[in-house]
Amino acid sequence: MREVAIVSFAQSRHARRDLRNEVEILLPVVQEAVQRSGVERPFDFTCSGSTDFLQGQPFAFVLALDAAGAWPPIAESHVEMDGAWALYEAWVKIQTGQAETALVYSFGKSSPGDLPEVLSRQLDPYVVAPLWPDSVSLAALQARAWLEKSGRSERDLAAVAARSRRDAKGNPHATVAGDFAIDDLLDAPYLASPLRKHDCAPISDGAAALVLVAGDRARQVCERPAWIRGIDHRADLHALGARDLTRSASTRIAGEKAGVARRPVDVAELHAPFTHQEYILREALGLAEDTQINPSGGALAANPMMVAGLIRIGEAARRIHDGSARRTVAHATSGPCLQQNLVCVLEGE
Amino acid sequence: MAERCAVIGIGQTHHTARRDDVSIAGLVREAAERALADAGLDWGDIDAVVLGKAPDMFEGVMMPELYLADALGAAGKPLLRVHTAGSVGGSTAVVAANLIQAGLHERVLTVAFEKQSESNAMWALTVKTPLQSAVVAGAGGYFAPLIRSYMQRSGAPEDTGIRVALKDRSNANKNPYAHLREPDLSFETVANSPMLWDPIRFHETCPSSDGACALVLSSERAATGGAHPPAWIHATAMRSEPTQFAGQEKVNPRAGQECAQEVYAKAGITDPRREIDCAEIYVPFSWFEPMWLENLGFAPVGSGWKMTYEGATAPDGDLPVNMSGGVLSSNPIGASGMLRFAEAAMQVRGQAGAHQVDGARTALGHAYGGGSQFFSMWIVRSERP
Amino acid sequence: MSDAERKPVRSIQTPMRLTYHYTAGIATSRFLHGIAEGRILGQRCPVCTKVYVPPRGSCPRCAVATEEEVHVSDRGTILTFAIVRVPSENLDVPLPFACVHVLLDGADVPFFSVVQGCPLDEVRIGMRVAAAWVEPDRLAPTLQSIRWFEPTGEPDVPFDQLREHL
Ligand SMILES: [Zn+2]
Numbered sequence: 000m001r002e003v004a005i006v007s008f009a010q011s012r013h014a015r016r017d018l019r020n021e022v023e024i025l026l027p028v029v030q031e032a033v034q035r036s037g038v039e040r041p042f043d044f045t046c047s048g049s050t051d052f053l054q055g056q057p058f059a060f061v062l063a064l065d066a067a068g069a070w071p072p073i074a075e076s077h078v079e080m081d082g083a084w085a086l087y088e089a090w091v092k093i094q095t096g097q098a099e100t101a102l103v104y105s106f107g108k109s110s111p112g113d114l115p116e117v118l119s120r121q122l123d124p125y126v127v128a129p130l131w132p133d134s135v136s137l138a139a140l141q142a143r144a145w146l147e148k149s150g151r152s153e154r155d156l157a158a159v160a161a162r163s164r165r166d167a168k169g170n171p172h173a174t175v176a177g178d179f180a181i182d183d184l185l186d187a188p189y190l191a192s193p194l195r196k197h198d199c200a201p202i203s204d205g206a207a208a209l210v211l212v213a214g215d216r217a218r219q220v221c222e223r224p225a226w227i228r229g230i231d232h233r234a235d236l237h238a239l240g241a242r243d244l245t246r247s248a249s250t251r252i253a254g255e256k257a258g259v260a261r262r263p264v265d266v267a268e269l270h271a272p273f274t275h276q277e278y279i280l281r282e283a284l285g286l287a288e289d290t291q292i293n294p295s296g297g298a299l300a301a302n303p304m305m306v307a308g309l310i311r312i313g314e315a316a317r318r319i320h321d322g323s324a325r326r327t328v329a330h331a332t333s334g335p336c337l338q339q340n341l342v343c344v345l346e347g348e
Numbered sequence: 000m001a002e003r004c005a006v007i008g009i010g011q012t013h014h015t016a017r018r019d020d021v022s023i024a025g026l027v028r029e030a031a032e033r034a035l036a037d038a039g040l041d042w043g044d045i046d047a048v049v050l051g052k053a054p055d056m057f058e059g060v061m062m063p064e065l066y067l068a069d070a071l072g073a074a075g076k077p078l079l080r081v082h083t084a085g086s087v088g089g090s091t092a093v094v095a096a097n098l099i100q101a102g103l104h105e106r107v108l109t110v111a112f113e114k115q116s117e118s119n120a121m122w123a124l125t126v127k128t129p130l131q132s133a134v135v136a137g138a139g140g141y142f143a144p145l146i147r148s149y150m151q152r153s154g155a156p157e158d159t160g161i162r163v164a165l166k167d168r169s170n171a172n173k174n175p176y177a178h179l180r181e182p183d184l185s186f187e188t189v190a191n192s193p194m195l196w197d198p199i200r201f202h203e204t205c206p207s208s209d210g211a212c213a214l215v216l217s218s219e220r221a222a223t224g225g226a227h228p229p230a231w232i233h234a235t236a237m238r239s240e241p242t243q244f245a246g247q248e249k250v251n252p253r254a255g256q257e258c259a260q261e262v263y264a265k266a267g268i269t270d271p272r273r274e275i276d277c278a279e280i281y282v283p284f285s286w287f288e289p290m291w292l293e294n295l296g297f298a299p300v301g302s303g304w305k306m307t308y309e310g311a312t313a314p315d316g317d318l319p320v321n322m323s324g325g326v327l328s329s330n331p332i333g334a335s336g337m338l339r340f341a342e343a344a345m346q347v348r349g350q351a352g353a354h355q356v357d358g359a360r361t362a363l364g365h366a367y368g369g370g371s372q373f374f375s376m377w378i379v380r381s382e383r384p
Numbered sequence: 000m001s002d003a004e005r006k007p008v009r010s011i012q013t014p015m016r017l018t019y020h021y022t023a024g025i026a027t028s029r030f031l032h033g034i035a036e037g038r039i040l041g042q043r044c045p046v047c048t049k050v051y052v053p054p055r056g057s058c059p060r061c062a063v064a065t066e067e068e069v070h071v072s073d074r075g076t077i078l079t080f081a082i083v084r085v086p087s088e089n090l091d092v093p094l095p096f097a098c099v100h101v102l103l104d105g106a107d108v109p110f111f112s113v114v115q116g117c118p119l120d121e122v123r124i125g126m127r128v129a130a131a132w133v134e135p136d137r138l139a140p141t142l143q144s145i146r147w148f149e150p151t152g153e154p155d156v157p158f159d160q161l162r163e164h165l
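So the sequence lines, in the order shown, correspond to chains A, B and C. Here the first sequence is numbered in numbering that gives the first Met the number 0, starting from 0 and rising by one per residue. Here the second sequence is numbered in numbering that gives the first Met the number 0, starting from 0 and rising by one per residue. Here the third sequence is numbered in numbering that gives the first Met the number 0, starting from 0 and rising by one per residue.
Among these hints, one or two may not hold up.
The calculated lysine to any residue pairs, modelled on SDA-like cross-linking and capped at a C-alpha distance of 20 Å, are [said to hold, decoys possible]:
(1) C:LYS6 - A:VAL126
(2) B:LYS249 - C:LYS6
(3) A:LYS256 - B:ASP44
(4) B:LYS249 - A:VAL126
(5) C:LYS49 - B:GLY246
(6) B:LYS173 - B:GLN355
(7) B:LYS249 - C:ASP159
(8) B:LYS249 - C:ARG162
Chain A is faced by these chain B residues, among others (derived, beta-carbon under 10 Å) [as the list claims (entries may be wrong)]:
(9) ALA53
(10) ASP55
(11) PRO63
(12) ASP69
(13) ALA73
(14) PRO77
(15) VAL87
(16) ILE99
(17) GLN100
(18) GLU117
(19) GLN247
(20) GLY368
(21) SER375
To be clear, the hints were calculated from the coordinates, so they are not data collected in a lab. Note that beta-carbon positions come from the ideal geometry of N, C-alpha and C, so glycine has one too.
Start from the sequences, fold in the hints, and give me the full structure.
Given below as structure tokens:
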């Protein structure tokens, strides 16, 4: 495989409701990532991730191209998926030898709609979606199954929320941050038992962008490039009754293919929009106790849809860039109850 | 550096206004199973799946690759979902080919579909928000003014579009999968059909179809041994430009010109009109044939209509265009681009039956989308690169 | 009853209703407030100096933010048009109508609207038109404040002068 590194990363401040349009949110983020990369436009390839249903208008990604710098025309593609998969497509393009540099971005503005309701449109349109099961309720089914099987408690879930929010105090992009006592969290009412508000990721509007560069050119433009040493993604069955919700088989396969276990992991940024999912993911990836999980606060601190996965990769790269970690793992998820998962292993030199 | 990639299996559904005999999952499986059968493979032989379709609001299913993972045998495998507006069927095939070319997989299944009957595409394209007034009626309303610009600039005879429609619909009569099959269509019928978005007549417009298309792509190692010879992918290219900006050339977009230049250069083509044996290009409204002939460098600017007029694009012309009947005869939007790519591959495999161009060895597949701003293309040949 | 006797289920109705609260964005909000005052506001690109209307806060050509606000005339020239004769659920206008790209005086990108006030067969490229606003007391921050465009009677702009905008 060709050596490819993330050389820069930028993200917006993820507000609960951003009054700017998607281009107004995205443009400064793209500019910042490009400027920090030290790479001159045009990029050999550009790829983005987003989904129309958040805004309720078709072709959301088409206007977002205004922010990408698409004149003169560019080699460009788009996935109707989290930006983490846009990064994957760009990485593949570099592997084919058709590109040396790539710009990857994604944006998501969830605030116009009712997100848990909107996400119910992802389900089987004939027999499940007509029942309108919202995303929080489905996650609660998974959480209940996992609690029963693992013997853990709602207190363990709240501990994840408290740690994530505390860590997010150091993250200027976070939607939710602060010190919360676990007992206070457990006093809150259920949204969908066993999940309370703190167990669920906040709703955020936001964008992120990063730049990929191949080989020695990455060393020229970046002091400490974050090398992609392994990347893989896998899907699970969609039908919730057809898979074991307490485990993530697809994460396990992707983690093995990406080589997570080959060496110790300093930091893991896991895309777990619900507290119990962090435990499921840790197990699937076989992460050791001393691996620091989500120092950014994770998706529980800021969860712009279609962006939060790409942010995990960007945050994991940032730890390499600033020299605070030597080997990091990033994970992104998509679909109900962790249906689809991507794992990326990053290393410094 | 890049691995060679070939098309070893092609499948499509019968395209029609309403496939109410199958669900969305049934529709994509029908195309996928035909592609697997054509390749002599089974579901277990597939390493990864790439799905493409146009806006999710067309069927009202958000990110339908999630729901379709089960039907597409994607559990435990990588699954990607591409969306680049109308060009998506082409772009999806390009992304799938890249997975092979990158050396990541041996066999990739790629599928594109649209089931327009399950929702209302005109509604989805004309969503009304308080921030804009709805004056553009669907795709026809958007593209008709561009066609009028072309007519004024080129001075093309007014019946050029009618001739394109007649040719494509007559080609469709030879394609058992085509949606519109109208053996009795005459010049007068097309000319007298109602103006929908003047200057676009009813018979110069694509239908609204349910349908899917699937391809099995493989590495060189896995390309031999099938019932049919492979179609070798010699070049792929994608280009995009913004939707609207000052000084933009909308009739002959630069993104399309540069995409064509790139795909020809990669395939070693210097004289496309002479070196390409046939082309499947994305023509949803008849007048786009002469417009794209110019954009693709087959004719000088302002004279694409002459190729149509002189019969150069007819099945017995020197550059047959849209042998399958094209988008004008079948338009499952998300699949339409992949159908163009598939037809190009069928031609160089000698697999196109009654619409086969004799001796086709090099073919172009073309797709475009958005406001004439997203382009994807490939060149396939019977010979290995 | 055996499967052979059962009729296949060919269609089910699953109505879907989602409510969205749209935000216009910063630049478009300013534009809509201008419309509520009967003025058309564009934005000029600091790099290529082209004027965008309605503004979206950036120049897609240069990929930079646009901030300088400029007044754009409510008169302009028809760049191209189509006569729409097919119904579409969301259309605001009764059929048939002329959908036009109008290049407003002082702007560099066409504005999509509708022409009324003359027979449809008189609508042509190069024709001069002006916005027909709703009554002043009905002006609001919405594009519906411009009912349509209508001919001004000024002489046509020759096609050659419009070439760079087509
Ligand atoms: Zn500019």
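Hints, verified against the model:
Restraint check: the Cα-Cα separation between LYS6 (chain C) and VAL126 (chain A) comes to about 18 Å, which is no more than 20 Å; the hinted pair holds. Using a Cα cut-off of 20 Å, the hinted pair LYS249 (chain B) and LYS6 (chain C) is violated, with the two alpha carbons roughly 50 Å apart. Proposed proximity of LYS256 (chain A) and ASP44 (chain B) is supported: the alpha carbons are some 18 Å apart, at most 20 Å. Restraint check for LYS249 (chain B) and VAL126 (chain A): the C-alpha separation of about 44 Å exceeds 20 Å, so the hint is violated.
With a CA separation close to 9 Å, the supplied pair LYS49 (chain C) and GLY246 (chain B) stays within the 20 Å bound. Distance hint between LYS173 (chain B) and GLN355 (chain B) is fulfilled; the C-alpha atoms sit about 9 Å from each other, no more than 20 Å. Between LYS249 (chain B) and ASP159 (chain C), the direct Cα distance comes to roughly 17 Å. Compliance with the 20 Å bound is thereby established for this hinted pair. A threshold of 20 Å between alpha carbons decides the hint, and for LYS249 (chain B) with ARG162 (chain C) the separation of about 12 Å falls inside it, so the pair holds.
Hint on ALA53 (chain B) holds. Least Cβ distance to chain A is approximately 8 Å, under the 10 Å limit. Checking ASP55 (chain B) against chain A by beta carbon gives a least distance of about 6 Å; that is within 10 Å, so the hint holds. Given hint, PRO63 (chain B) at the interface with chain A, holds; its Cβ is 8 Å from that chain's nearest Cβ, closer than 10 Å. A distance limit of 10 Å between C-beta atoms decides the matter here; for ASP69 (chain B) the minimum to chain A is near 5 Å, and the interface restraint holds.
A least Cβ separation of about 5 Å between ALA73 (chain B) and chain A falls short of the 10 Å threshold, and the interface hint therefore holds. A hinted interface residue such as PRO77 (chain B) counts as satisfied when its beta carbon comes closer than 10 Å to some beta carbon of chain A; here the least separation is about 5 Å, so the hint holds. Because the beta carbon of VAL87 (chain B) sits about 9 Å from the nearest beta carbon in chain A, less than 10 Å, this interface hint is met. Among the interface hints, the one on ILE99 (chain B) holds; its C-beta lies about 9 Å from the nearest C-beta in chain A, closer than the 10 Å criterion.
For the restraint placing GLN100 (chain B) at the interface with chain A, the shortest Cβ-Cβ distance is roughly 4 Å, inside the 10 Å limit, so the hint holds. For GLU117 (chain B), the interface hint holds, since its Cβ comes within 10 Å of a Cβ in chain A; the closest pair sits about 8 Å apart. The criterion of a C-beta within 10 Å of any C-beta in chain A is met by GLN247 (chain B), whose closest approach is roughly 9 Å, and the hint holds. Because the closest C-beta pair between GLY368 (chain B) and chain A is about 9 Å apart, less than 10 Å, the hint holds.
Interface restraint check: SER375 (chain B) against chain A, minimum CB-CB distance 9 Å, threshold 10 Å, status holds.
Violated hints, listed in ascending order, are 2, 4; each of the other numbered hints is respected by the structure.
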